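Which chain is which? The protein sequence lines are A and B, in order. When we follow my numbering, the leftmost residue of the first sequence carries the number 1183, and every step to the right adds one. When we follow my numbering, the leftmost residue of the second sequence carries the number 252, and every step to the right adds one.
Derived by calculation from the structure, the hints in this document are not laboratory data. It should be emphasised that the depicted structure is a prediction, and the values quoted were computed from it without experimental measurement. Note that CB positions come from ideal geometry on N, CA and C, so glycine has one too. No false leads were mixed into what you were given.
One side of the interface only, derived from the structure: several residues of chain B facing chain A at Cβ under 10 Å:
| hint | residue |
| --- | --- |
| 1 | L270 |
| 2 | P271 |
| 3 | P273 |
| 4 | A275 |
| 5 | R280 |
| 6 | L281 |
| 7 | A286 |
| 8 | A292 |
| 9 | L294 |
| 10 | P295 |
| 11 | G302 |
Examples of chain A residues lying across from chain B (beta carbon under 8 Å, computed):
| hint | residue |
| --- | --- |
| 12 | G1228 |
| 13 | G1234 |
| 14 | V1237 |
| 15 | E1242 |
| 16 | W1270 |
| 17 | D1277 |
| 18 | L1337 |
Pairs of lysine to aspartate or glutamate, EDC-like flavour, derived with a Cα cap of 16 Å:
| hint | chain 1 | residue 1 | chain 2 | residue 2 |
| --- | --- | --- | --- | --- |
| 19 | A | K1255 | A | E1242 |
| 20 | A | K1343 | A | E1393 |
| 21 | A | K1347 | A | D1297 |
| 22 | A | K1255 | B | D274 |
| 23 | A | K1255 | B | E282 |
| 24 | A | K1343 | A | E1392 |
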Amino acid sequence: MPHALALPRTLADAPAPWRRDAPAPPRRMIPPSADDAALMRAAAAGDRSAFGHLVHRHGERTLRIALRVLGQKAEAEEVAQEALLRAWQGAAGFDPERARFTTWLHRIVVNLAIDRARRQATAGLRAGPEALAEWADPAPGPEERAVAAQEEAGLRAALGKLPPKYRAAIALAYEEGLSGAEAAAALGLSERALEGVLYRARLALRRHLEEGS
Amino acid sequence: MTRENWEDGALEAALRRALPRPDAAAVARLEAAVARRIARAPLPAPLGPMGQLQRLLPSLAPAGWGALAAGLGCALWLGLHPVSTAPIDPLGPLLSLPVAGEFL
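Just chain A, same shape as in the assembly (with noise of 0.2 Å):
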């Protein structure tokens, strides 16, 4: 009976798993293409190469989102770094079941980037209108461009004078990929009243360019 020799002989050898002096049992490197949940788990579990993973997937929608609600390069820059730490830190209270990855990042980075646009606004900082208007493109070119570049430029300034709840829904209606719902979560809203806000935000929006034109 080899097997029943053999067996005994390989769990003697094999190392007690609950003794003091047991090797660590190999990390398994988990592939950059698992899920975000997958990858959340192993970053919860301490893993930084898997958040990594996350932030290589994440990172510039994250800094989108929060460049569009700021409007400044530099400020968008320290939001979307201290959206993701603090998804780093929080890794092990992320449910997957509750909601994504991405909607729980986004929430994460729309607060923070809301509550820098509103101290920036107590604080007399420059915000918002002139802030989006560096955007416009000064190249010169043919009229028509020049034309386009002039009406983005003043779509910006728009965009800036509107309070940073309605630039955050904007900025979450318009991104790619994203559905309403996601939206929606992200700001805490259900999807009629991200609507309602929206509504409300192109409403100001169009306000703010008839009284710019």
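Model the placement of chain B on the given structure of chain A, informed by the hints.
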């Protein structure tokens, strides 16, 4: 574009063009900065007992069970509470006020 041109369709299209996008260098800077900060940051704190309870609670007690439990609790209390046979004086509670003697 004049004011009457800011119709929904035009506004939508203009917004899609005008909303700022971060450049590749900014994204690379962000990734590098986050990696640097996470390398120095402590590992994610494990979930405490309250956090674990919060996570388990929705599966243990789905929505609506709280209201049901409250209703059952009230029914139980009303069922077990002894019925008072003493006559009720509607002005009784007012007599305990410090100024009750002056008016009543």
